[in-house]
Amino acid sequence: MNEDITDPILEVHDLTVSYSRKPVLWDIDFSLPKGCIAGIIGPNGAGKSTLIKSIMGVIPSSSGYIKVFGQTLDAVRGRVSYVPQRESVDWDFPASVLDVVLMGRYGKLGLLKNTNKQDKKIALECLEKVGLQDYTKRQISQLSGGQQQRVFLARALAQEADLYLMDEPFAGVDAATEKAIIEILRDMASNNKTIIVVHHDLQSVVNYFDWVILINMRLVASGPTQEVFNNKLIQEAYGGKLTLLTEIGNILEKREIPPREK
Amino acid sequence: MIAFWIILTGSLVAISSGLLGSFLILRKMSMIGDAISHAVLPGIVIAFLISGNREPLSMLLGAGLFGLLSTFIIEYLHKKAKLQTDAAIGVTFTLLFAVGIILISVFAGKVDIDQDCVLYGEIAYVPIDLWILDTGTIMGPRPVYILSIVLVLVVLFITTGYKYLKISTFDPAFATAVGISTSLWHYLLMGAVSITTVASFESVGAILVVAFLIGLPATAYLLTDSLKKMLIITIVLGVLISFFGYWLAYWLNASIAGSMTVVLGIFFATAFIFASNTGILAKKLKSKKDVIAI
Amino acid sequence: MDDLITFFSFSDPNIRYVVFGSILLAASSAIVGCFTLLKKKALVGDAVAHSVLPGVCMAFLFTGTKNISFLICGAFFTGWMSLLLIDYIVAHSKIKKDAAIGLVLSVFFGIGIVLLTFIQQSGNASQSGLDSFIFGKAAALVGSDLITFGLIAIILLIVVSVFFKSLTLVSFDENFAKSLGFPVRGLDMLLTTLTVLAVVTGITAVGVVLMAAMLITPGAAARYWTDNIRTMVIIAAIFGAISGILGAYISYVAPSMPTGPWMVVASSFIALVSFFLAPKKGILAKWVSNNRNKTIMREENTLKAFFHLGERDGDFTVPRSMAILANKRRMGEKQLRKSLVTLRSKGFVQEAEGHWMLTETGMQNAARIIKLHRLWELYLTNYMHIAPDHVHDDAETIEHIITPEIENELELLLGYPGNDPHKQKIPRL
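Chains as they are written, first to last, in numbering that gives the first Met the number 0: chain A, 0 to 261; chain B, 0 to 293; chain C, 0 to 428.
For the record, the hints were derived by calculation from the structure and aren't laboratory data. Backbone N, C-alpha and C fix where the C-beta goes; we use that ideal spot for every residue, glycine too. One should not assume that every hint holds.
As the list claims (entries may be wrong) - Covered stretches of chain C, as calculated for chain B (at least 3 residues, CB under 8 angstroms): (1) 76–83; (2) 176–188; (3) 246–257.
What the hints assert, rightly or not - Straight-line C-alpha distance at most 30 angstroms; calculated DSBU-like pairs for lysine-lysine: (4) C:LYS39 x B:LYS78; (5) A:LYS112 x B:LYS78; (6) C:LYS293 x C:LYS279; (7) C:LYS95 x B:LYS81; (8) C:LYS327 x C:LYS279; (9) C:LYS95 x B:LYS79; (10) B:LYS79 x C:LYS38; (11) A:LYS112 x B:LYS227; (12) B:LYS228 x A:LYS136; (13) B:LYS79 x C:LYS40; (14) C:LYS95 x C:LYS40; (15) B:LYS27 x C:LYS293; (16) A:LYS136 x A:LYS120; (17) A:LYS253 x C:LYS95.
What the hints assert, rightly or not - One side of the interface only, derived from the structure: several residues of chain A facing chain C at Cβ under 8 angstroms: (18) ASP91; (19) VAL219; (20) GLU252; (21) ILE256.
Let the hints inform the model, and build the full structure from the sequences given.
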């Protein structure tokens with residue numbers, strides 16, 4: 000099932016995405032209303048990460064389009080924030096906590112301008128919001144997993160965006176940090192920010208998200224949590240009926256045929 | 000005076016290579032830097048042949064293109080022929096280097112390079128390779144001018160692009176999401192490495208430039224947790240290594256570039272053992288402290 | 000020309016020795032290199048190659064002779080040390096593997112250069128052959144040296160064949176090997192020792208700088224011709240041997256030329272040819288297969304055009320003009336003509352007075368494709384709940400690749416359906 004929404008903040012239409020010639024996502028359609036906290040839910044290998052990466056343009060797509068605030072992503076990049084998975088980064092990089100959060104301001108600066116006092120002020124405020132105000136000079140390799148995630152969140156907040164996409168922010172994080180993060184997200188949502196989270200833990204879905212996007216290589220459902228997050232649809236997402244789709248995907252990959260004829 | 004020119008040349012090479020190399024090692028692309036330094040050899044020989052050993056800057060740029068070309072070849076083999084990256088690097092740079100050596104051999108009479116020079120340069124000759132104006136004024140050693148220009152370009156590149164280099168090195172996915180072209184900065188970096196390698200070639204040769212490209216920033220990396228400080232330490236160490244390397248070579252009556260590399264090795268070993276947080280000594284002391292605390 | 004004949008007649012025992020030696024060295028390096036390649040540790044061989052130089056010089060300095068055995072020991076020592084050092088640095092600091100390799104490689108080489116230049120200008124008369132280590136001189140492989148190197152190469156070959164199974168397993172899946180109780184660490188050390196030995200002997204032919212090519216290039220090339228590791232190793236050895244012969248030949252006709260670069264050029268040439276021309280994996284083969292896919296798709300799309308027109312008119316026997324067909328499928332006239340001609344030769348269409356129509360078998364083929372198309376559309380809409388207006392584009396591609404097995408599965412899954420999501424009939428065959 001797929002709710003129709005007026006004036007969606009995000010609209011994904013007929014999105015097909017391949018990883019080295021193997022289709023990982025087929026014909027995804029959904030839209031998202033403003034001000035919600037949405038969870039992208041699905042089993043391993045379902046393509047959840049791939050979905051937000053292709054929305055952000057980090058991975059190219061084979062078909063379809065994405066509209067953010069009714070426009071192409073390039074027109075509104077300043078209003079969209081992306082928080083990648085923690086392990087995609089080398090935490091031995093010589094940078095302090097403040098350095099990383101300041102990176103969130105780079106999008107607004109362009110090539111030639113450098114960060115100024117105002118940027119620093121914003122960065123410090125964001126660090127305070129995530130509870131890391133005492134860690135500004137700390138080297139990032141000395142942080143715990145939870146603290147690293149908070150740094151990423153602070154960086155995202157420093158972007159002062161309206162739409163936030165987060166890839167597994169709760170993975171490998173201690174309970175206190177998880178609680179703190181979800182509080183911040185709720186606070187953001189109450190300020191009319193929209194947040195999309197790739198999430199892996201079914202137990203906490205009802206608690207955390209008011210909108211759920213169930214996917215497993217294709218869209219299973221997208222809608223308000225209480226309507227979508229039921230046994231029937233979860234079964235369909237996790238049920239593992241995808242042998243045919245996977246077989247076809249393998250053939251496409253082996254013969255190096257693009258999923259859509261040009 | 001000779002010592003001054005040589006140490007200056009060594010410092011210029013060390014600083015240019017070291018600054019660029021800092022980003023290479025943080026991107027885990029050290030071996031591509033190594034490949035580029037080898038791949039430029041045929042370009043250098045051809046430049047010598049065409050320009051009659053006079054090497055105007057344009058020739059250096061042309062030779063530098065070979066380095067950039069090698070990165071394209073490596074990527075092509077990896078993406079289109081599906082060759083694993085380490086093999087793509089190995090096949091490409093050895094082929095280009097071999098071609099360079101053959102060219103040197105074949106045109107032995109016409110180019111001012113011999114095989115030894117390729118390996119470890121002839122920095123000792125720098126003071127007498129003078130740039131003389133048409134009026135007869137002696138401006139000083141030519142390599143110093145060339146390397147100075149390269150250093151200026153490198154510093155300009157890094158200071159202008161600092162934010163973008165930093166962010167595309169640390170978190171390329173985030174950088175792309177924010178709208179920065181990570182591939183542009185990648186190729187700019189590779190091009191800069193290429194040109195620096197070509198310019199350094201005469202002084203330290205194709206192999207030892209890798210010491211400055213990789214070994215020098217690696218040493219600085221051990222000594223600090225801040226990127227800015229890492230770059231500054233690279234500069235300072237570069238000068239020190241040149242200085243001590245020259246005198247070591249003088250004492251041993253051996254290759255100057257080689258001696259500089261030996262000094263680099265000693266500095267690295269020292270940093271490895273004694274560096275504050277990450278050194279072996281510090282770790283041993285720390286574990287003893289933990290034991291006592293219990 | 001005379002040289003060519005003299006050389007390849009192998010009548011001169013010297014030539015025989017040099018060729019034999021070169022082949023042995025190149026082949027043994029290639030074989031050992033296959034395993035480091037499979038372990039994705041190809042560039043480690045490069046580090047070892049640069050690191051043996053100080054060992055060779057030190058051996059010379061300590062023993063005052065150019066006795067090959069001592070030089071080999073020295074080379075072996077520093078070669079092994081460099082690998083231990085790389086692993087140590089990575090394990091005990093934040094420095095990553097690639098930087099450690101570059102660092103160790105250049106510093107060791109620098110030490111070697113200092114020692115070499117120190118030796119060179121100390122006026123020691125017997126050091127003149129030392130720098131043949133750097134660029135290689137296959138012609139230097141005569142007499143007792145050859146016997147020593149030859150022996151080592153043969154030992155390498157024997158050890159590899161004895162431990163072949165274990166080395167293969169450990170290169171492919173170390174954890175699995177460990178779980179089976181294989182001495183993974185010991186085998187790792189064995190492979191390292193073999194690599195160092197191969198380097199130490201190989202550099203006399205190729206030289207320090209280009210040694211990496213002797214390890215990597217033949218194996219990389221061989222990989223494109225087979226999926227079987229035994230075959231890969233044999234092919235790599237052959238490729239290595241060919242480059243070895245060429246090196247020896249160059250050494251013979253142009254004694255002042257360094258042999259190393261020519262061996263590398265030969266080896267790389269073979270590799271590039273393999274990357275492009277190898278059947279199945281080569282770039283050309285992929286391009287050809289890509290084109291073949293496209294051609295088949297075009298032909299099948301042409302058949303579909305007939306079928307769709309026939310469905311629309313309720314009559315499949317109406318002869319169609321090229322213009323109408325081209326319009327239906329929005330195909331270029333030239334491509335359409337090519338497809339039609341091929342289809343006619345396969346007996347799927349026939350022509351009469353510039354108009355075309357399907358034959359009996361053509362009809363069946365067209366129906367099959369239409370069926371697959373509509374089955375897939377149904378699968379996507381009913382089973383995957385994908386919007387009906389999206390599935391057509393997917394099916395346009397997928398209809399061409401659905402195998403009979405998948406076809407059966409689809410029919411079973413969908414319960415032998417009659418209509419597709421657009422209410423069109425699914426052909427019954």
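Tested hints:
Beta-carbon proximity to chain B at under 8 angstroms applies to 0 residues in the stretch 76–83 of chain C; the threshold of 3 is not reached and the given coverage is violated. Using a Cβ-Cβ cut-off of 8 angstroms, 0 residues of the stretch 176–188 of chain C lie near chain B, which falls short of the minimum of three, so the contact claim is violated. Look at the stretch 246–257 of chain C against chain B: 3 of its residues bring a Cβ nearer than 8 angstroms to a Cβ of that chain, three or more, so the hint holds. In summary, the hint linking LYS39 (chain C) to LYS78 (chain B) is supported, as the alpha carbons are separated by about 17 angstroms, within the 30 angstroms threshold.
As the CA atoms of LYS112 (chain A) and LYS78 (chain B) are separated by approximately 36 angstroms, the hinted pair breaks the 30 angstroms bound. Taking the CA atoms of LYS293 (chain C) and LYS279 (chain C), the gap is about 17 angstroms. The hint holds against a cut of 30 angstroms. Restraint check for LYS95 (chain C) and LYS81 (chain B): satisfied, since their Cα atoms lie roughly 25 angstroms apart, inside the 30 angstroms limit. Among the hinted pairs, LYS327 (chain C) with LYS279 (chain C) is inconsistent with the structure: their alpha-carbon atoms are about 35 angstroms apart, more than 30 angstroms.
Simply put, LYS95 (chain C) and LYS79 (chain B) have alpha-carbon atoms about 28 angstroms apart, close enough for the 30 angstroms limit, and the pair holds. For the hint linking LYS79 (chain B) to LYS38 (chain C), the alpha-carbon distance of about 21 angstroms falls within 30 angstroms, and the restraint holds. Among the hinted pairs, LYS112 (chain A) with LYS227 (chain B) is consistent with the structure: their alpha-carbon atoms are about 17 angstroms apart, no more than 30 angstroms. Distance hint between LYS228 (chain B) and LYS136 (chain A) is fulfilled; the C-alpha atoms sit about 14 angstroms from each other, no more than 30 angstroms.
Taken as a hint, the LYS79 (chain B) and LYS40 (chain C) pair is honoured in the structure, with Cα atoms around 21 angstroms apart against an allowance of 30 angstroms. In summary, the hint linking LYS95 (chain C) to LYS40 (chain C) is supported, as the alpha carbons are separated by about 14 angstroms, within the 30 angstroms threshold. With a C-alpha separation of about 40 angstroms, the suggested pair LYS27 (chain B) and LYS293 (chain C) falls outside the 30 angstroms cut-off, and the hint is violated. About 15 angstroms separates the Cα atoms of LYS136 (chain A) and LYS120 (chain A), which keeps this hinted pair within 30 angstroms; it holds.
Under the criterion of a C-alpha separation no larger than 30 angstroms, the hint pairing LYS253 (chain A) with LYS95 (chain C) is inconsistent with the structure, at around 34 angstroms. For ASP91 (chain A), the suggested interface contact is upheld, since its CB lies about 4 angstroms from the closest CB of chain C, less than 8 angstroms. At about 7 angstroms, the closest approach between the beta carbon of VAL219 (chain A) and any beta carbon in chain C falls short of 8 angstroms, and the interface hint on this residue holds. Taking 8 angstroms as the C-beta cut-off, the interface hint given for GLU252 (chain A) is violated, the closest approach to chain C being about 11 angstroms.
With its C-beta approaching chain C no nearer than about 6 angstroms, ILE256 (chain A) sits inside the 8 angstroms limit, and its interface hint holds.
Hint check: violations occur at hints 1, 2, 5, 8, 15, 17, 20; the rest are consistent with the structure.
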